[in-house]
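J.: Protein chains in written order, with numbering that gives the first Met the number 0: chain A, 0 to 395; chain B, 0 to 395; chain C, 0 to 395; chain D, 0 to 395.
One or more of the hints may lead you astray.
What the hints assert, rightly or not - Here's a subset of chain D near chain C, in silico, CB distances under 7 Å, partners left out:
(1) Leu2
(2) Asp28
(3) Ser31
(4) Ser61
(5) Glu68
(6) Ala245
(7) Ala320
Hints in this document: simulated from the structure, not taken from any laboratory. In this text, a Cβ means the ideal position worked out from N, Cα and C, and glycines have one as well.
These are the residues of each chain, in order.
Protein chains: 4
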Amino acid sequence: MSLQNPVFIPGPTNIPESLRKACDMPTIDHRSPLFGEILNPARDGVRKILKSADADIFIFPSTGTGGWETALTNTLSPGDTVLAARNGMFSHRWIDMCQRHGLKVEIVETAWGEGLPAERYADILKRDKSHSIKAVLATHNETATGVRSDIAAVRRALDDAGHPAILFVDGVSSIASMDFRFDEWGVDVAVAGSQKGFMLPAGLAIVGFSEKAMAATKTATLPRTFFDVHDMALSYEKSAYPYTPAVGLLNGLNQACGMLLAEGLDSVFARHHRIAEGVRAAIAAWGLKLCAATPDVYSDTVSAIRTPEGFNATDIVTHAAQTYGVAFGVGLGEVAGEVFRIGHLGSLTDVMTLSGIATAEMCMADLGLDIELGSGVAAAQDYYRAHPPVTRKAAA
Amino acid sequence: MSLQNPVFIPGPTNIPESLRKACDMPTIDHRSPLFGEILNPARDGVRKILKSADADIFIFPSTGTGGWETALTNTLSPGDTVLAARNGMFSHRWIDMCQRHGLKVEIVETAWGEGLPAERYADILKRDKSHSIKAVLATHNETATGVRSDIAAVRRALDDAGHPAILFVDGVSSIASMDFRFDEWGVDVAVAGSQKGFMLPAGLAIVGFSEKAMAATKTATLPRTFFDVHDMALSYEKSAYPYTPAVGLLNGLNQACGMLLAEGLDSVFARHHRIAEGVRAAIAAWGLKLCAATPDVYSDTVSAIRTPEGFNATDIVTHAAQTYGVAFGVGLGEVAGEVFRIGHLGSLTDVMTLSGIATAEMCMADLGLDIELGSGVAAAQDYYRAHPPVTRKAAA
Amino acid sequence: MSLQNPVFIPGPTNIPESLRKACDMPTIDHRSPLFGEILNPARDGVRKILKSADADIFIFPSTGTGGWETALTNTLSPGDTVLAARNGMFSHRWIDMCQRHGLKVEIVETAWGEGLPAERYADILKRDKSHSIKAVLATHNETATGVRSDIAAVRRALDDAGHPAILFVDGVSSIASMDFRFDEWGVDVAVAGSQKGFMLPAGLAIVGFSEKAMAATKTATLPRTFFDVHDMALSYEKSAYPYTPAVGLLNGLNQACGMLLAEGLDSVFARHHRIAEGVRAAIAAWGLKLCAATPDVYSDTVSAIRTPEGFNATDIVTHAAQTYGVAFGVGLGEVAGEVFRIGHLGSLTDVMTLSGIATAEMCMADLGLDIELGSGVAAAQDYYRAHPPVTRKAAA
Amino acid sequence: MSLQNPVFIPGPTNIPESLRKACDMPTIDHRSPLFGEILNPARDGVRKILKSADADIFIFPSTGTGGWETALTNTLSPGDTVLAARNGMFSHRWIDMCQRHGLKVEIVETAWGEGLPAERYADILKRDKSHSIKAVLATHNETATGVRSDIAAVRRALDDAGHPAILFVDGVSSIASMDFRFDEWGVDVAVAGSQKGFMLPAGLAIVGFSEKAMAATKTATLPRTFFDVHDMALSYEKSAYPYTPAVGLLNGLNQACGMLLAEGLDSVFARHHRIAEGVRAAIAAWGLKLCAATPDVYSDTVSAIRTPEGFNATDIVTHAAQTYGVAFGVGLGEVAGEVFRIGHLGSLTDVMTLSGIATAEMCMADLGLDIELGSGVAAAQDYYRAHPPVTRKAAA
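The shape of chain A in the complex, shown without the other chains (with noise of 0.2 Å):
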């Protein structure tokens, strides 16, 4: 395994220079005003990426996992109903964390590859007129399909049926990579993680709760100390945390929101649509598939590609690392074997993603696949000749 090409894993993401130096950072006294000029503009930088003008930032030295916990144990009681569908490993994961904690799952079984199905959330949010569903769960973006879901729609199912349930949204691999509307989505509970889109080592579980989220927690019986909201929540109004934070991560956050949006969060989602429309190009010159049944739910982060039968996809993987040095995703659960995955999310220029779709035509061919050498790099170059960016960072 080389250190020097670039990953193409759906996270952890590379990590911009400025961002390593971010984080590396000596140690700080963390009960010192130094802290509280991190943190603060880092909660602040949060919002203004989740869209929302005040939802309550909590940033927990853990992962997305630790964020979907923090969701579900603030918010419920054992006992209590949730509405999710299993569309993917990501998706099925929540689904079981729901249940290893007391809550009755009504489970929407989706095809590995479709989005959310709002309109069957909508049946049964509106069959449920005794409000027993109190909470919606919604993956906005299936890492392990490349699926991207219409949160939007599945806002619309609750408002349509009149249905106070609170909605959960995973936007891990979303948030800070393609649009995210935490306030115009009605979003009670967003969680991401600070690996993904915003380019920085794993370690962070970045939760953004709504009002209505909050007012929950006060009523919620989960057991909950680490991940409780209320005490980090006390702890905040001092700058400060209730145990010892990950500053040198916090400090990579501020940083990278601050840079995420000095180029403008329409800009950050262009720049990924861009890219990841270059590797599609590369996978319809292969003649492949995606995992992602239509375009309108095609992932601008992650691309799962579907490789011909009676193929391992995964000795894609393990080749590509063992002859090339270079990190793709394998596929997981239901689509394992079937599948690899191309991360294309966070710090990635054009020319990286070449050479990610170079690799992979090599393991390809490689591997007996009928792949023509070339072939996708091609396709990849006109879209990315015939569609400059809109505006070329700065030296990062």
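Dock chains B, C and D against chain A, hints included.
T.: For chains B, C and D alone, kept in the frame of chain A given last:
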């Protein structure tokens, strides 16, 4: 606040140059074999530092507080009783966590400044014929009071009573700095964090489970997912994680263990004792007293220093930060305002320590205490000159 | 300009992560023994990389140009004659330096693209019965033209003529990347820099002197102080410097030598050859020609690529920088505008190289050259697939 | 030797965190516009720190010694006469360099510990009716003796004599730490290095040329290429270098200038004076004397401290390194064994300085000198408490 002066808080500690660099890693694929080359020796290293032959070591992207939650939720069930002494802020918080998770806590109130009351534990355990107590909590080193307790005595209390309760030990501010004997003391769950004796940034909960503790996980019904040790154990079999690991910190942990073991644990402990004795010599020269009641409980990682009646000890900490750019620790809880704390653990030389002592002197004099400038420094100099280090560490 | 993409200039090269960290040192006392632990193995490492048993190695805080000046001023006197061929910009500059230092230069004009004219050297040396020629200059690898010359042939020319002139070799862009044999070729002064094969930032002139060259220093009267090798040698006896050394770069050099020697010099050279062959396959696929006249002089560290008549090759370089954030090298001197250069030395993988080739393709197509997108990439992919690396380097 | 303790050598100095990071750059193309964004403001910043409106600033990948050679070789011709005082090791070495370059040096022997003898310069210059003296050498701060001289007086000596000689000033250990007035003092060539007041690693010679010095370059015939200011000036017009620049160090220099100018030069000088006064208070408390003869020549960057007759002062330095891992400076040349030196320049807080003073005390006591432990620390504490810094620097 200066980034140049050493910190004298009881963690996070000053990070050695080599560990700064070990943590500052480019992104690697945490599902590649390279990750196993980091994870596996890191777990082995921790086990050796715990002085255990075969404890199961789990490392979460979290903090010591998350380590406590790991201990409780994996081994206990709602309504279970635990025995705990409250002799400082951190034992207090652990008790609070137990209660919030639905456990009954038999609390042994103990003066802040005293060690764990092993004899009272013994009495209670002997009386608990029905073995309703499922776990005993023991804070090895109370960071709030600078008190180190006798864990072997707690084990004897259990053994003398023939009591099967699990023994939890909070070693967050002792492990890797003071002698800790997982196997010999019959510890069932030990909890540490990356940011103290391991000399790393905060961000890792480091936990050891005995075979008995692992057995208890099978019946424990407290809900857990993020902190589930079984999920972790299953992933470890594949040198992987159930979610995204904090790779850089793990790399740092691996290297930190290597440094500590190369130095030799006895040397590490002797080094901490030497530094601490110099600080204590200074305190005596100032005519001040430790919060720790008797020499047998003096901590080698942190000293809580009582200031004269009527003086707000917290002013020293504020003044040191504002006027000299140096971080000390404030008094917490019952001893807030009565003590200030000098952390003297981790990567700290005699020379650095003298600068902390000199700063404390200036602050106390500035604030009107009757302290002779240079007096504490001279006492510490005397001690350090008379007690050269056993082994001079290699440059790091 | 992006800091994310690899650079494809013929030095400074992409710096491996571990060397970045080795160079980034806190201040140490350069008069302490710790400095000797850096300096001495660094000098030994360089000697091994030069393939010399006992050359005197000198390392100045300077650059390759300073290394040239070191060679001249320590061994020659005003009015001395040197023999030199001009076959590129760097041999031209070295000749210019000689003239500015009052030396007479017998210049053998040679086509840019050809190697050193050993036969013409032989003729001249044979005719120089009086041995008025005191030194022969030989540029091992002309960075401007991508031409590697045959130093063994130059040595034979000297030997066949029985001529005692000192042999200077500029190995700035060859040493540590292509085979170099100080002892076998009878080199008297070899000059290298930190920023090419040694994969470090610029800032070190690295020079090897033979016993014969050291003897010549005793009579040489060109003025010198900063570059005086005797001052340096005297200081080296005490593991010190006559002035303040560039400690971090020396630490990096020590580690770089360790990396290269651990990989094995034959593997290092084979690695460079493999990467270069892929680039050359791409160039052939594009239907373009190298500046280097014949395959026997093809450089494995840099390719200078001729573009069609009437096309300004420099536009490719400008366009690559502005549009794709990628750095190539422009043509210099006689071949300015006629060639552009792809540097392929140092720490560069096949995957990174493919991104450079893909970028060059896009640039040439953007600028109207008749280049088929993907064609060069495919040719290089073919080559790299068919020629797996002898040894896969460990992560660094 | 510890990497944790601050260094107390008179350069290289302790490098601030932010400058460590500024120097640690990935490779960029030094022929791209990005390089100009580093080079040009760095040159402007140096000019401001020299207090010059339009000096030509040249920055070589070299050291202060290379800066001296730049001064001589660009402005003088073989056989030229220069006037110089020898009052310490660095003035001695500069004289030696002149002689080795074929210059005649009129040496004014001066006691080591005294400043430059401006009156004797005046006499000599007045007697030199034929203006055979082409340059006057002036060491602003003799690092060997801790003596700062009066450059304005040297200028007056020249002016009073109506003498046209060029004025060279070695400001290596004064510039950016003590007041320096290029324009006001009529300096013609000023020489500095990166590793002192600029707080960077060694590796840059920083030189300022007046218009008069630039004019002198046209007739100067000493050979030069690497250090040729015309080559450099021509390249600077294109924001480039005549060879490969040390980009990371230049980036650090740019940022260092920014830090110093943001702090304000008067604040920088006052900060150095304050730290130095504390050290001098400690020395007085020890009952020791400075090498510097009178307070008007006390250096604010380094103190050379005389130890009692019969005691080898170098033992303190060796002992400090071996026993406490702290670096002081030895006595050089005429005062070898008679003095040891504490460097107190660059990025150094009062708190760090106290640790150096405490270490010196321990060493002297260990070696049998009659020094009261804590006495020097107390005196410095008194001074620092009574003289708070004008402005507390921001965290860096």
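J.: Against this structure, judge whether each hint is valid.
T.: To see whether the hints hold, each was checked on the structure:
1. Leu2: holds (5 Å)
2. Asp28: holds (3 Å)
3. Ser31: Since chain C brings a Cβ to about 5 Å from Ser31 (chain D), closer than 7 Å, the hint holds.
4. Ser61: holds (6 Å)
5. Glu68: holds (5 Å)
6. Ala245: Result: holds, 4 Å to nearest chain C Cβ.
7. Ala320: Status holds, d = 5 Å.
The structure meets every hint from the earlier list without exception.
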